[in-house]
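Colleague: Residues per chain are reported as follows:
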Amino acid sequence: MSETKHHSPHLIAVLWARFTWRHWCRSPRSSLLLAAILALGVAALFSVRLANRAAVSGFQMFSENLTGGSDLVVRSPSGRLPESDLRQLREKLGTLPVGLFPVLETTAALISAKDLKNGGDDISDANADAPLLQLTGVDFVALRNAYYLEPESSKSAVIAPEENAPGQSLGDARLAFIAPALAERLNSDVGDSIQVAINDQIVTIAVGGILSADRSRPQPPENLLLFDLPGLQNLLQRGGELSRVEVRVAEGHDRDRMLEEVTQKVRSLADDRQWLIETPDDRAASSQAMTAAFRLNLTVLSTLALLVGWYLILQALEAAVVRRRQEIAILRSLGVNAAQIRRAWMIEALALGVIGTAFGLLLGWVAAQFTVGNIAKTVSALYYQTTTTAAGWHWGEMFFAATFGIGASLFAGWLPARDAGSTPPVQGLCDGRQDEAQRSVLQRPFTGAGLIFAGALLIQAPPWLNAAGNKIPLAGYLAALFWLVGLSLLASALFRPLACLLTKFRNRPAMVYAGSQLRHPSGRHRLTAAGLVVAIGMAAGMGILVHSFEKTLTGWIGDLLKADLYVAPAGVGSAASQAVLSEATWQTLSRDASVAGIDSIRRYPISFEGRPTILAGSEYARDERSLRMNWREAPDDRDPLALEARGADDRVLAWISESFSIRFDKHRGDQIEVPTPAGPQSLVIDGVYVDYHNESGTLLLNRKFTSRWFGNDQAVNNIAVFLKPEADPDVVRARWSSQYPALVIRTNRRLREEALRVFHQTFAVTHALEAIGIAVAVTGLGLTLASLMVERRRQITTLKQLGMARAQIARATAIESLGLAGVGTVVGLILSIGLGYILIFVVNRQSFGWTLQFHVPLASMAGLALLTLATSIVVGYLVGRSGAHLKAEQQE
Amino acid sequence: MTQSTTNTSNSPALRVVGLGKSYGRRAILDSVEFEIGRGERVALMGPSGSGKSTLLNLIAGIDRVDSGEVVIDDQAVSKMDGDALCRLRREKVATVFQFFHLLPTLSVAENIEFPLLLLGLDEATRRERVADLVTEVQLENRVDAFPDQLSGGEMQRAAIARALAPRPSLILADEPTGNLDSVTGDAILDLLEKLSERHGIAMLLVTHSEEATRICGRTLDLHDGRLADRMAAQA
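One line per chain: the protein sequences are A and B, in this order.
Residue numbering for the first sequence is 951 to 1842, as defined by this note's numbering.
Residue numbering for the second sequence is 8 to 242, as defined by this note's numbering.
Treat the hints as calculated values from the structure; they're not laboratory data.
Small disclaimer: the values here were computed from a predicted structure and weren't measured.
Glycine included, C-beta positions come from ideal geometry on N, C-alpha and C.
Mixed in with the good hints there might be a few duds.
As the list claims (entries may be wrong) - Between beta-carbon pairs, the in silico distance windows are:
#1 B/Gln145 / A/Gly1357: 21 to 29 Å
#2 B/Asp231 / A/Leu1817: 51 to 59 Å
#3 A/Leu1817 / B/Asp90: 29 to 37 Å
#4 A/Ala1289 / B/Ser158: 47 to 55 Å
#5 B/Glu147 / A/Arg968: 47 to 55 Å
#6 B/Ala91 / A/His1710: 54 to 62 Å
Assemble the whole structure, with the sequences as input and the hints as a guide.
Modeller: Spelled out as structure tokens, the structure:
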């Protein structure tokens, strides 16, 4: 016994070198195909996660780079910090060696000189998608003085002391430093000028300098325009206003103690002033949390390809066990024990996993470079501005994907390894029989039914609340997994009725033979059907989600968009845009002779209960076409004009969006307080309305209240214009476009098209992942049939001896393939209904707070089914034709 | 598709003329010549590697000859295209294997019926013929059983019934008793002899067993791809 143990590693090496490796060399194509399938799965997962990470990490507070990394950030929950707070902060900190860096940030849209020259419709169209610029104002004097904080490491900052802030740039509102990438893109140099749309005005900015491209320093974002703080305040006409103050403690031996003292002092003041205090880690976590659901959904979807790849590896290794059963039996009879056989098979699975994963990681990195742009666009449109254009290599993500890939391969290898080890030598040595080990786990319909029942119970479970306060629908995902596995197990039950149906065609030898194969389905039949169930189920389930989303959104847009024209500042396509229409502009437009009335809205990003949300003030035209809402909890008076009045206890009435309601668990009748520059304000929730604008939620009030609380702010984010009956929207649009080149003016039809374009862009990656899943599943079907043909080579010889033509053998294989695909497709479509239900009513609702109407895309599901079935026939026929040439003695 | 009938002409059931076959440089068969008359049973013996299986494959049209000719019922096999070869195997030549080679997913009755399906016979004719054959091979009580539920002897009887079903003019029996115990093997030989006589079917019996040659009128010895004819005592 001890001798066996002693020789075991050597024996395993011999088994690998003389058996496994030689089998691979004899059939390199099938080994490579298997590794390629795993690589595809790993690549899908790795590329999506890399692209996700890159798109999300594109969000950062650039000013942290300027100061070399701040220790604390002071913000106001209302989003606006008075400059006077900076003085209070300085006084509170006294003589402590702390740098305070006030920052003002906003956005502007980059206007191309060509579009500006063309003017009219062209400029308005271009404005909608104009690249967003980040305008950052920092105090250059404070920045220069900051270097005493870290005298030995001035290279950590973007602007070195010797080059920063030339004297003439101080306080200049029209002079900015730009990032090297932007300079290169615009072919601009110092002294050149660039045109930007700030709010509703076109402004010419002179390039005062190009920021350092030194690789040893933090790289500025590509879209940065850096101003001296007073200059930007002047430019924006926001004197005395800051976005935040960054606090940095000087380097030194007692820095930690100092930081603790500073934090304590800042927090004590923050309690009085209602400030939000954040560390850079908090900010990073916050940006991650914002997109957590979006990224999780993509990650779950990208595991589809890996899951189907797992099925394929399981199938292929199991097929190899069957093919090599005789060899295994001979090895057993020669004294190789079951554990050694198992180990050899697990090493084969490991080797496949390592090779496939290595290729997959490279492929995934390349694919990420192509997908990152799409994901970044979606993140920019829905969450915040990100300028990422390339996905860097990330060791953590690599480890995650590699663990998944190799783990999947090992897990897939375990069942065949167990089979190989437990095969009695006598069975393998009996040359006349090729009994296949039956996958007992796939023959348990009661287990399948039990899983479906358990899934139904899990649907009822509440979401899991993560540390950032985000609701993650873990139980929903688990329920989806249970239904997926449960229905995969139940799929086998369809083989027998299908076989009975086929054998009804008693005069067709191909039907009879194919039917007989399905009447006695092998483990591989069951696995293939299960793989197809998973692929079709997930693809069609996502299809149901997307279709339901689209139908719901279309209906909602139809209810919402009643006006003739929609006017917004340039860059409106990005969620990060902070641009507004000045009072002068929107008032002028509203007084136009063609205009009957306008709806207007002003949105303020605020922090409510520690999480970002939107406080919106709106004003509505007294027009019968004006806003009509769909309600989750309807107010007594549904007319938006009702918001002008006050409720009980003189509280301001607010309507909240459904996502706000779900996110913060607030309902009609609840009383809440919101932060504003004028101090906390009491509101009473009067209704909960359906809204798909954003997932952070919206509090909607009458604009007269928000205007008062935000310093008599009369600017608005956009207006909806109702024209008089005789006015032609296209004519008015053309006229306004030439008068206001910094605006985006869209007709009703154009805005609807735009909304759907953004929607389709959001789901573009989803469709690509679905296609990969289906392609891998159909490849699996072909692989299964090919290995079945090899296994049945004796039968094929017999069939040929009996006079069956090759075309008949090919037809029989095509029918068998169609049967397999039919079972997979039917059960997959049933699964898709269940998954669609979970995605819509559990995952989507818990993640985003949106209730969608359930719509089944019958045409596209029928198309998917037909495509799968047609492909299965072609694959089956080709494999059958090629299999009909196999000779009895031919191996693999 | 026409139903196969026994040819009553005087021409031999099988004529092999100057047959040669090589794989690469290795000659497997060299100028093999012999005939089998209608209803005649001939044994073919030879050591392993002598070319017996290759000869059977060439006669059945599974493999192509390099030189010479195989003529079955006056039809030259080498001149046949794929369809004609299929027809040949459906109508004229049937094979009984050492390892039975029943289709594992078909029952006994379905296995016997399958060649008749390929012939395109109507269902009533198929049923009738299957019923006759299961009676002849004494498997009346096992018609619905699947191959993995049968003993070796039962499997070989089912395989013989399947071979007889299309009423071929020639049966190629490849070690039909090689995988059976002696008692069962004897019974199978008796059955083959009886059915061959009853239906007037010629048979080429490949065997290693001198005992098996008892049902054959003569024995051909194949050594290194060459044939030597010898007379064998009638059983």
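Colleague: Give a verdict on every hint.
Modeller: We went through each hint and held it up to the structure:
For the pair B/Gln145 and A/Gly1357, the beta carbons lie near 57 Å from each other, so the given range of 21 to 29 Å is not met. For the pair B/Asp231 and A/Leu1817, the beta carbons lie near 57 Å from each other, so the given range of 51 to 59 Å is met. Range check, A/Leu1817 to B/Asp90: about 33 Å between beta-carbon atoms, so the 29 to 37 Å window is met. Separation of A/Ala1289 from B/Ser158 is about 35 Å and departs from the stated range, judged on CB atoms against 47 to 55 Å.
About 51 Å separates the C-beta atoms of B/Glu147 and A/Arg968, a value consistent with the hinted range of 47 to 55 Å. The hint said 54 to 62 Å for the Cβ distance between B/Ala91 and A/His1710, and at roughly 58 Å that hint holds.
In terms of the numbered hints stated before, the structure departs from hints 1, 4, listed from lowest to highest.
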